[in-house]
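There are 4 protein chains.
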Amino acid sequence: MNTFGHIFRFTGFGESHGAAIGGVIDGMPAGVKIDLEAVQHELDRRKPGQSAVTTARKESDTVEILSGLMDGVTTGCPIGFIIRNENQHSSDYDQLRTAFRPSHADYTYTAKYGLRDHRGGGRSSARETATRVVAGAFARQALAHYGITIQAYTSQVGDVKVDADYTHLDLSLTETNAVRCPDAVKAGEMEQLILDVKREGDTIGGVVTCVIKGAPAGLGDPVAGRLGAQLAGAMMSINATKGFDYGMGFAGVNMRGSESIDLFRRDGTMPPHTLTNNSGGIQGGISNGEDIYFRVAFKPVATLIQDVPTIDVEGNPVTWKGRGRHDPCVVPRAVPVVEAMAAIVLLDVMLLDRAARI
Amino acid sequence: MNTFGHIFRFTGFGESHGAAIGGVIDGMPAGVKIDLEAVQHELDRRKPGQSAVTTARKESDTVEILSGLMDGVTTGCPIGFIIRNENQHSSDYDQLRTAFRPSHADYTYTAKYGLRDHRGGGRSSARETATRVVAGAFARQALAHYGITIQAYTSQVGDVKVDADYTHLDLSLTETNAVRCPDAVKAGEMEQLILDVKREGDTIGGVVTCVIKGAPAGLGDPVAGRLGAQLAGAMMSINATKGFDYGMGFAGVNMRGSESIDLFRRDGTMPPHTLTNNSGGIQGGISNGEDIYFRVAFKPVATLIQDVPTIDVEGNPVTWKGRGRHDPCVVPRAVPVVEAMAAIVLLDVMLLDRAARI
Amino acid sequence: MNTFGHIFRFTGFGESHGAAIGGVIDGMPAGVKIDLEAVQHELDRRKPGQSAVTTARKESDTVEILSGLMDGVTTGCPIGFIIRNENQHSSDYDQLRTAFRPSHADYTYTAKYGLRDHRGGGRSSARETATRVVAGAFARQALAHYGITIQAYTSQVGDVKVDADYTHLDLSLTETNAVRCPDAVKAGEMEQLILDVKREGDTIGGVVTCVIKGAPAGLGDPVAGRLGAQLAGAMMSINATKGFDYGMGFAGVNMRGSESIDLFRRDGTMPPHTLTNNSGGIQGGISNGEDIYFRVAFKPVATLIQDVPTIDVEGNPVTWKGRGRHDPCVVPRAVPVVEAMAAIVLLDVMLLDRAARI
Amino acid sequence: MNTFGHIFRFTGFGESHGAAIGGVIDGMPAGVKIDLEAVQHELDRRKPGQSAVTTARKESDTVEILSGLMDGVTTGCPIGFIIRNENQHSSDYDQLRTAFRPSHADYTYTAKYGLRDHRGGGRSSARETATRVVAGAFARQALAHYGITIQAYTSQVGDVKVDADYTHLDLSLTETNAVRCPDAVKAGEMEQLILDVKREGDTIGGVVTCVIKGAPAGLGDPVAGRLGAQLAGAMMSINATKGFDYGMGFAGVNMRGSESIDLFRRDGTMPPHTLTNNSGGIQGGISNGEDIYFRVAFKPVATLIQDVPTIDVEGNPVTWKGRGRHDPCVVPRAVPVVEAMAAIVLLDVMLLDRAARI
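Residue numbers (numbering that gives the first Met the number 0), protein chains in the order written: chain H, 0 to 357; chain L, 0 to 357; chain A, 0 to 357; chain Y, 0 to 357.
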């Protein structure tokens, strides 16, 4: 299954070491003037080789739009696009014809399909997330018509954590450093930690926090389409994710109901707003007009630049000689992916909401 | 949207104060002998009024199966069922015709639909989860054919937390106490905490941990159908949930890749198994044959038995006089709901997996 | 698969000889005042035993609405409903435990599921179409808000055919006779033919023509969602159908393009209209604002009241002793089913269309 | 909506005058050795400029596969592909910036989207069917594993009709003439008719008959997933179609049940077969193991090489000066498209059927 969404739908394809990755954006509303440089800019935020804390692999990640636009405006027809793969070192992966790396998809894909594309992780490579970034960039431009903006940032790397909540941060600083953390001091610590880990041939995890502003009340759908459920599903489909929470999240477990409820401002203004936002902008599965915010936990990826004891496809012990060009911490490059997935979900629920009332 | 699943699909309906709740289970494989008492037993685990830590509301929650079985065996045709609502005190909710309770769905449903069923929370009531329990009970009986079992338990209430991980617990003790915690000492503390909170007219949150055993390697689908994403979406669709993580989860953020990778046992046996299970049984979005385990965070519900300052539908300040019969902590009754949703997802991916290979 | 539609969705359940049939209407827009008598009226048009040309089986077909309405108005939440089965003569079907009737679903269900509900055809019985009529009746009431009306009629039974096209008929006469044909003379001939066929214990086929008025231009979706494709799929899902065409249909094969194109009226009025309507109201898969009309062919059903040579489940020759209470011609009762399916499709495309533009 | 299928899914994109058309084939089972020349061969059967009876437009229609194969074998991952557009005469369409052609999608797309790509019909052009042919070619190679073959042919052009049913024809002769009719005499008449019509700048309709052999009993799904409904929806999504019937089809309306039922052979062999096949291989919505056959009616296309009175976007009378390179009869090139759509449906139901039983 490679399709996200219900009526705004994105279907992606492609492996890290094939000819190209790409996809089809279907259900894009007609009449949106598209800024293609802004689309490419999102890809540039995700692309490898952008700084010392990311992989050294080089890909220009240039998107080619093949359909669905006329004179730069969406026509309502599906938008096909491709991104050519460029910097392939397939021979880096020759050992993988026969070896299963620990905590990778090598064994699980083989178990599922009876075979796998061993080059660069095949479809399990995070490379495919570039196509989601393209779809998200289109969604984002439609959302801008409604005043909805989405901004994510790195809130934790290893044990370096931004203590302040997002309302006390200047999110416009996010892109001013390589780790994408709006707290400059923490950003420096995070960067140092990643470089240390990289030097050891090791990896480290982190957390991305995402904030959606401007969403009107009424988005999402009871029960199966709860907005929190849709965001959770979208985020947990990103490679290397292990957890998701929104609003008070896991921390809310320790709270009393009386502490955590979000009282309405009683100033007579309508639509109503709340004094606090422990709900994270979603109540009963539907947005309430406050900021929607959530956290996504990323594991330390399993691609070490070390020798690792493992097995081959027949169960024999072998040593995986980790090499190649990999991210010591995926979180900085995951920030635009989280935003893209959030945009895909938000546009879908915005469009679906139009059908809620006669 | 009230449908879960792709080819094993459950569509539910019903409000807490209508004539009945129910649903349609579609895609149930033919040829499964159904133990209807076991289905009712799952409902009994979820039903209100079962102990001092739950709401005092009484519902027999008797399921009536209307189709899809012959001589007690599934025919492959859809299984329709209803559960009559019985113990309705609609007048408890008269004030809600005009008031919005804080952190409820009162305002968000009104924003979405232009009106709402104010009686008992309408469709936003957790009462609808009873229908998911029925669907899950059918799924569970199909999964039993493959040796897959699902067991959840309460692992945290407020700050009372089971420290041991599930592999050190005797999960067969889960049903021996009212809070559904297999650690008897912690269970006692949890129960006491809930009773204290209840006495104050307040509520408290908690965590349910769920363990799936016997799932073969190969379940789940790359990218949009990643098993972790599907479980996350299913769990976060349950009322009052605020977070989800699996395997090492949020705690993995602090680990190094070299600590967290799950090395294969190198004993030559196939299919392979791992020495540790930080992955939580899922690698690259696909099950690897180890136990699948995850946690779901539940907030303290917003239904207080206190006076709460709020607003009415026109924005005027009013006082919500909390009353009625509510759960001070939803976690004990959420345990069978988590299991049911896990069963729905697992059967769906089991059936989908059959199409993966020629 | 028992779900129709994309965002207005109907999921049905039930066999002819179980406790009840029913379903869930999901995606019904909020704010529609429902006339429940009108819903029941549609069921009465479909119910058995209504005249000499239909089966003598008696079912009151009383619908019970279980959810989704408050004070008679749709809330946006799913509408669950059931219709109890009443007049079951299961013993009529005892021979079917072991025999396969020719041209029935007896063998094909067994091939698919490994077993079947032999009582009254189980899920393959046209009885399930009663649930579609309920869903269609709800859809129709939403469509009325937009001025869209749907009317079908019997245009052929055996070789008795209404020669005039619908624009020359007074469709308000459709319900004035038992066969539902607005041409009184042809209606008489059809009725006589059906009674003759019935006397012989035989059956006869026919054609239902359906006309949708008031649909605005712009409904339907290019390629997979073409309106003609959606109507074809919906109609061909009705029991006993063998063919579908719309506009000039099969007859258009013999025409030249120059004869068949629908020239625009050149009177300067906008939106434009056409001088002819060979297109049947759909061009390029999308409605053009003219009447949408189509035909559905129904075969003579295979349930004869005669002895028929056939085989049992082991392949041995046996004689099927046809008995029971069956329709000699399904067309008169299929008229409201065709209308219901048309309404389900139309409301779905109306709601989807709202997402087409920014 | 640009996606076909449930678990074998094809999503296409592209306009006739953009950079490329293409698509994503998702759910292709792993382990199928793909003959890429056979894929290209199917495209060659559909491509323009292949004979005197088709458009003179030249496109090499070369498919480029971008993902989903390793060493020529499907990996279970999505297959992305593109076909570059080459022979574009966009200036042929300049008048269409302001004119609506009769019986085209010019007005309906504008009504739906507020704008349209006027070049070559944009997405409404039959050019997109080339992408379906690619998807169908992959499906066909998977179906070959199960011994299922699909063959279509031209059975009627205007009033020239093949009288014999397909069982009396040698379908291996289909590709021996330009019109794709296995009856050589009729083929000659059809060809002459098309050339006559072409000379007049006019167009003519026709019928494609399709035969599926080797499908086992049990394919398709009751109610919404009836095989006849799925085939109808797929076929009626092809450009220029106006009708579909299967088995006895519209002609069955005149038959008695006693004439039309397909009696089982009573020779004791299992699985059972029938003496006749008026059912067209489908009973109760599910295949019965006999040949599946159906007919698709194509209208005379609306693109005339004549002057045609019409209106512009403001409703003013203008003359459409038909020119360009168009098919006088689409039927010969529609044959491989019908086959492709049949293959897409069949593979989907084959894979879905695996989930029918425990």
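Bear in mind the hints are in silico, worked out from the structure with no lab data behind them.
Do not rely on the hints blindly, as some may be mistaken.
Chain copies aren't distinguished; within one or between two, either way the pair holds.
[Said to hold, decoys possible] Derived SDA-like pairs (lysine to any residue); straight-line CA-CA distance at most 20 Å: (1) K32 x G321; (2) K57 x I357; (3) K160 x R96; (4) K32 x A18; (5) K320 x G200; (6) K160 x A250; (7) K212 x R264; (8) K32 x L170; (9) K197 x M254; (10) K32 x E313; (11) K212 x I304; (12) K32 x I357; (13) K32 x D169; (14) K32 x L114; (15) K197 x A55; (16) K197 x S257; (17) K32 x G71; (18) K160 x M269; (19) K320 x T273.
Do the hints match the structure? See the list:
no., hint, verdict
1, K32 x G321, "neither (46 Å within a copy, 31 Å between copies)"
2, K57 x I357, "neither (52 Å within a copy, 36 Å between copies)"
3, K160 x R96, "neither (39 Å within a copy, 45 Å between copies)"
4, K32 x A18, "between (30 Å within a copy, 19 Å between copies)"
5, K320 x G200, "within (11 Å within a copy, 60 Å between copies)"
6, K160 x A250, "both (15 Å within a copy, 13 Å between copies)"
7, K212 x R264, "within (19 Å within a copy, 48 Å between copies)"
8, K32 x L170, "neither (26 Å within a copy, 47 Å between copies)"
9, K197 x M254, "between (38 Å within a copy, 14 Å between copies)"
10, K32 x E313, "neither (55 Å within a copy, 24 Å between copies)"
11, K212 x I304, "neither (40 Å within a copy, 33 Å between copies)"
12, K32 x I357, "between (29 Å within a copy, 10 Å between copies)"
13, K32 x D169, "neither (29 Å within a copy, 49 Å between copies)"
14, K32 x L114, "between (43 Å within a copy, 12 Å between copies)"
15, K197 x A55, "within (12 Å within a copy, 57 Å between copies)"
16, K197 x S257, "between (46 Å within a copy, 12 Å between copies)"
17, K32 x G71, "within (6 Å within a copy, 40 Å between copies)"
18, K160 x M269, "neither (37 Å within a copy, 41 Å between copies)"
19, K320 x T273, "between (55 Å within a copy, 19 Å between copies)"
When the structure is compared with the earlier hints, violations turn up for hints 1, 2, 3, 8, 10, 11, 13, 18 and for no others.
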